[in-house]
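Trainee: Spelled out from the first residue to the last, the chains are:
Number of protein chains: 2
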Amino acid sequence: MESWKYFEDFEDGFVFHFEVPALTKEEIISFARNYDPQRFHVDAVEAEKTHFGGLVASGFQTQLLCFQPFCRQVLNSSFAVGAPGIDELKWLRPWYPGEKLKGSVQLVKKRKSTSRNDRGYLEFLLQAGVDKSPVFSMLWTVIIMTREGIDPSGD
Amino acid sequence: MESWKYFEDFEDGFVFHFEVPALTKEEIISFARNYDPQRFHVDAVEAEKTHFGGLVASGFQTQLLCFQPFCRQVLNSSFAVGAPGIDELKWLRPWYPGEKLKGSVQLVKKRKSTSRNDRGYLEFLLQAGVDKSPVFSMLWTVIIMTREGIDPSGD
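Read top to bottom, the protein sequences are chains A and B.
The numbering of the first sequence is our numbering, which starts it at 17 and goes up by one.
The numbering of the second sequence is our numbering, which starts it at 17 and goes up by one.
None of these hints come from the bench; they were simulated from the model.
These figures come from a predicted structure and were not determined experimentally.
Hints should not be assumed to be uniformly reliable.
Any copy will do: because identical chains look the same in the list, a pair fits if it lies in one copy or spans two.
Cut-off 25 Å, straight-line C-alpha distance, at most; resulting in silico cross-link-like pairs (BS3-like, lysine-lysine) [what the hints assert, rightly or not]: (1) Lys106 <-> Lys125; (2) Lys106 <-> Lys126; (3) Lys41 <-> Lys118; (4) Lys126 <-> Lys116; (5) Lys116 <-> Lys21; (6) Lys126 <-> Lys21; (7) Lys21 <-> Lys65; (8) Lys148 <-> Lys21; (9) Lys41 <-> Lys116; (10) Lys148 <-> Lys116.
Taking the hints into account, I'd like the entire structure generated from these sequences.
Mentor: Printed below as a string of C-alpha cells:
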C-alpha cells in the first residue's frame, strides 16, 4: 500500500491528463438504449431532423467515459471514499461519432475536514474537448482519508 | 405525433413518480467494473473495510437508473432536444444492494427563450430515496421546442 495516496499526497497544482477514444455510432446507440434512449442518441435518421444534425452521444456516456480514466489511474490508488455530489456539470457541445476527446482533471481546492481528523475534501475540475472545442466539464468534490484516518498509530 | 409534448404542454405542478428495482451485488459490480471501479463498488470484502460497511452502487449508476424512467416515459414523447448541464447533484447516502428506490421528478421552473421563439427551458428536480431516507437528488435543465419551433405554419 506504500504508493497509495492519502489526502496529504495531493498537492496544489495537481493535474491529470487523459484521452477518450472516439465512439462509433453503434457504441452510442448501445449505451443510450439502456440508459438514455432519446431519439437523437438511438436513431440516426431521427437525429438528423433535430438541431444536432445527426447522432450524438448521451451526455451521461460522455460523463462516464471522461471519469473512467481518472478513476482507474488516480482514485483507485488512493484512499478516496466517495463523493457528496457534483457542484457543476456542463455539456458544452454535442459529442459526435468519430471524435476523440482530450481532457484534464485539475485539483482546484483542498481542505481538511474541520470536524474530523480522519478525512479531507478535494475539489476537482474535469474538462474535455475535441481539438480546441470544449465538450464537457464537471466540478465535483471527493472525500479522501488522511494518514491519521487510515493509521492512527502513525506507524 | 398528436400526443407528443411541446414546451407549452408542461404545466406548473407537473410531477412524475417512479420506482427503481433493487440492485443485486452482481449488478453493482458489473456496472462499476466498466465505469467506476472503486473498491467499494467492485469488491465486497474491500468495501467492508470502508465507512460504507459493504458494497454500494456507483453514484453514476444511481444517477442513470433514476433518469431512465423519466426519459422513457416523459422525455421520449416530447420535443426535448438535450440539456446544457446539471445545476446540482447530491449523493445523500449510499445505495445498498437489495434496496428499492422510490422517487419523483418535479417541474420547478419554466421559461421561454428570450432570444429564440422556437424553444424554452424546463428545470426539473429529481429526488429518490429508500423509504423516508433520501439517497439522490439532481436539478437540471432540459431544452424543449415550442409549437412554433416545430411547426412555424401553425398547422
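Trainee: To test your reading of the hints: which numbers does this structure violate?
Mentor: 4, 5 and 8
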